[in-house]
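Here is what each chain is made of, one letter per residue.
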Amino acid sequence: MSPQELAERESAAQADRADPAASTDDAERVPPDLAQEPAPPEEPVPPEEPPDESEPEHRGGGFDWWAATPEARGKQQARQAHDARAERAAWAEPVEPVEPVALAEPAEGDVPGRAEAAAVYRAAHDSAEFRAIRTRYRRFVFPATLAFLLWYLLYVVLAVTAPQLMARPIAGPLNTAWLLGLLQFVSTFLLTWLYARHARNHRDRAALGLRWETQDRLR
Amino acid sequence: MAAGLFVLVVLVTLGITLWAGRRSRAAEDFYAGGREFSPLQNGFAISGDYMSAASFLGVTGLIALYGYDGLLYTIGFLVGWLLVLMLVAELVRNCGRYTLADVLSLRMRQRPVRAAAGISSIVVSLFYLLGQMVGAGSLVALLLHLHSAASRDWSIVGIGVLMVVYVTVGGMKATTWIQIVKCVLLLGGTLLLTVLVLVRFHGDLGTLMRSAAHDSGQGSAYLLPGLHFGHSLTDQLDFISLGLALVLGTGGLPHILARFYTVPTARAARRSAIWAIGLVGSFYLMTIVLGLGAAAVIGGPALRAANAAGNTAVPQLAGAMGGTVLLALTSAVAFATILAVVAGLTLASSTSFAHDLWARAFRHPGEPQPSEHQEVVVARIAAVVIGALAIVLSLYAQKLNVAVLVGIAFAVAASANLPALIFNLFWHRFTTRGATWAIYGGLIPCLALVVISPVVSGNAAAIFPTAHFDWFPLQNPGLVSVPCGFLFGWLGTVTSRRHADPDAYAELEVRALTGAGAA
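Protein chains in written order, with the numbering used here: chain Y, 1410 to 1628; chain A, 87 to 605.
In short, the hints are calculated from the structure, not lab data. All figures in this text were calculated on a predicted structure; none of them were measured in a lab. From the three backbone atoms N, C-alpha and C, an ideal C-beta is built for every residue, glycine too. Treat the hints with care, since some could be wrong.
[What the hints assert, rightly or not] One-sided excerpt, in silico: chain A residues whose CB lies under 7 Å from chain Y:
1) A112
2) L212
3) D239
[What the hints assert, rightly or not] Simulated restraints on C-beta separations:
4) A:G452 <-> Y:A1556: 46 to 54 Å
5) A:R108 <-> Y:L1574: 39 to 47 Å
6) Y:D1535 <-> A:A547: 54 to 62 Å
7) Y:Q1573 <-> A:L481: 43 to 51 Å
8) Y:V1566 <-> A:F555: 38 to 46 Å
9) A:N487 <-> Y:V1566: 42 to 50 Å
10) A:R195 <-> Y:A1580: 46 to 54 Å
11) A:L104 <-> Y:Q1573: 57 to 65 Å
12) A:D290 <-> Y:L1574: 46 to 54 Å
13) Y:D1535 <-> A:R108: 25 to 33 Å
14) Y:Q1573 <-> A:D239: 22 to 30 Å
15) A:H317 <-> Y:A1580: 47 to 55 Å
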């Protein structure tokens, strides 16, 4: 990737539009009557916005990056860059916890070379913050992926190899085969909800903090 | 009336296309819709891209005819989304710009991996496109009561021309809006029919299942596995193969991956995947009710008489529940579904061609890269060429079973795209050679096995019924070719002379998990 491209992505990232808060109005698409089946107890309604404003942002000082309009974001970023510069000038030392490369004064059109960018990413990669994010991510998704794949394959293999088991009646016309099939729906919805909750509570905030930090250094 | 509604669908979608086309200038608009869709919008668009006519009409028909075996399709189509949600959506959004090859070339040598990923993406899209258009031709003819072979051909040509117009004029923005509109229509239509079926059975699902089993003419076997897929060892292996392809293929479908680039952040990508799972899951739950309802209300023999594959189960059910009006509405929904899905596929393959192959892989090392403007021009031309190719191929592939074609597309995606993507994201030793070997090592066995399968020769339903080179017994190659993709990816990596660049992997990991430097 050329430095120009990097700079482009950088500016594109800053122009990012925040997600408008999703309305949950039309979330319920499950026919109500299916509720009698062991249908998904929980439709994976996209989670409500976490109360970002009330909690201390990693470095945003209570600014809600997710919900802000592009203009507000731009302003906030400019303000922070300004603050950071002022602080650096005043204290003559970096404010970031990890010091990867010499921090040049961020000027218009000042793009770091490939090697410097690599050093920035390397430093971010080695930071304790990043390791924590990665561990949390992997500790959830690897076992979860393995579990749902095995559960699905078990179901598929049972469907062809265990006709007696599948034919066993459970309640009325419902037999094991249908029960297992509907449980696949339930487990999919449940795992989706668990993953969304895990990511929201354990990763998002830290990842966002590290993102701005890394991008500041790439500047 | 159905014809009038079809015209209305065409006019509305063309209107959207013109509206969006006038607002698209940059490459980012054409490929990624300006990256300004909300998770809700993108969730609907993803569902729109994913819930094809094959699902709406085909799977419902399979449930109506074969009961339990139809349910297996819906589960495979849904469960695959967990893989997309947890391993693919956010990371791909953070690492790439427009295509799968972008993610690979972040840490690999650009030209070989772009060539490989570009080719495999186009092959997947073409198979999928073929399945959709073959189905579309017969469906439109059926829905409009045109029974000659010529009218079916003209339906395919008409749909092909429309999809090319959507893509070349409107790009990703138009395609996304068409998907959203289509998804709302489809879910609305399905919900209405579901409610009508449930009302007819007084909300008693037990009665519904019992009368479906009784009226299907199959009795208790209707509620058990094996009616559709059979009981021989080959049938069982074929079924497991299809199951594997469906669950692993979703994460490698280029038109689904491209959808995650239309939102601004990885978090938005995750939320759109969550929306998609909710919508797709609800949709498939409703198709189960519709399938059972069709069996119970219409009855197996009447369904089979109208269409041996059960593709008309939904229109027939609509006609029985709500007369001509509902029948026309359902047909229009099915038509919108077909148009939207083929447009998404054409866009994904033309993006792969222009962005990966033409602008990057087919360049000499010293040659300057073309401008984004030139790239988009080439993408539009590619859309025309791919559209024409798809039309011609579909005219010759009309004999093939739609579900089989879609199953093969999923198998190619699962064997060629997914191993490379997963290794690239999670294995620090993975090298350029590993990536190209994974892609070609999955793609080539997969295609070769299809050629020597019963789909191509050896039986009355094959392309060459009289020739006999059907040495591979399974219709779906996934059971063999997916492990091949992973195996060759590993083999290519361990035999590489060059080691993987740890800095490049560090950058990929940081970007993937934090979104730093994301487009």
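Do the hints match the structure? See the list:
1. The interface hint given for A:A112 is broken, as the beta carbon of that residue sits about 10 Å from the closest beta carbon of chain Y, more than 7 Å.
2. Taking 7 Å as the C-beta contact cut-off toward chain Y, the hint placing A:L212 at the interface is violated, the least distance being around 27 Å.
3. A distance limit of 7 Å between C-beta atoms decides the matter here; for A:D239 the minimum to chain Y is near 37 Å, and the interface restraint is violated.
4. Evaluation of the 46 to 54 Å hint for A:G452 and Y:A1556 yields a pass: the beta carbon distance comes to about 50 Å.
5. With their beta carbons about 60 Å apart, A:R108 and Y:L1574 fall outside the hinted range of 39 to 47 Å.
6. Taking the beta carbon of each, Y:D1535 and A:A547 are about 58 Å apart, inside 54 to 62 Å as hinted.
7. Distance hint check: the CB atoms of Y:Q1573 and A:L481 are about 47 Å apart, consistent with the given range 43 to 51 Å.
8. Distance hint for Y:V1566 and A:F555: a CB-CB separation of about 30 Å, inconsistent with the stated range 38 to 46 Å.
9. Distance hint check for A:N487 and Y:V1566: the Cβ-Cβ separation is about 24 Å, which falls outside the suggested range of 42 to 50 Å.
10. Range check, A:R195 to Y:A1580: about 59 Å between beta-carbon atoms, so the 46 to 54 Å window is missed.
11. Separated by about 60 Å at the C-beta atoms, A:L104 and Y:Q1573 satisfy the suggested range of 57 to 65 Å.
12. The hint said 46 to 54 Å for the Cβ distance between A:D290 and Y:L1574, and at roughly 27 Å that hint is violated.
13. Distance hint check for Y:D1535 and A:R108: the Cβ-Cβ separation is about 48 Å, which falls outside the suggested range of 25 to 33 Å.
14. Taken as a hint, the range 22 to 30 Å is violated for the pair Y:Q1573 and A:D239, whose Cβ atoms sit roughly 49 Å apart.
15. Distance hint for A:H317 and Y:A1580: a CB-CB separation of about 26 Å, inconsistent with the stated range 47 to 55 Å.
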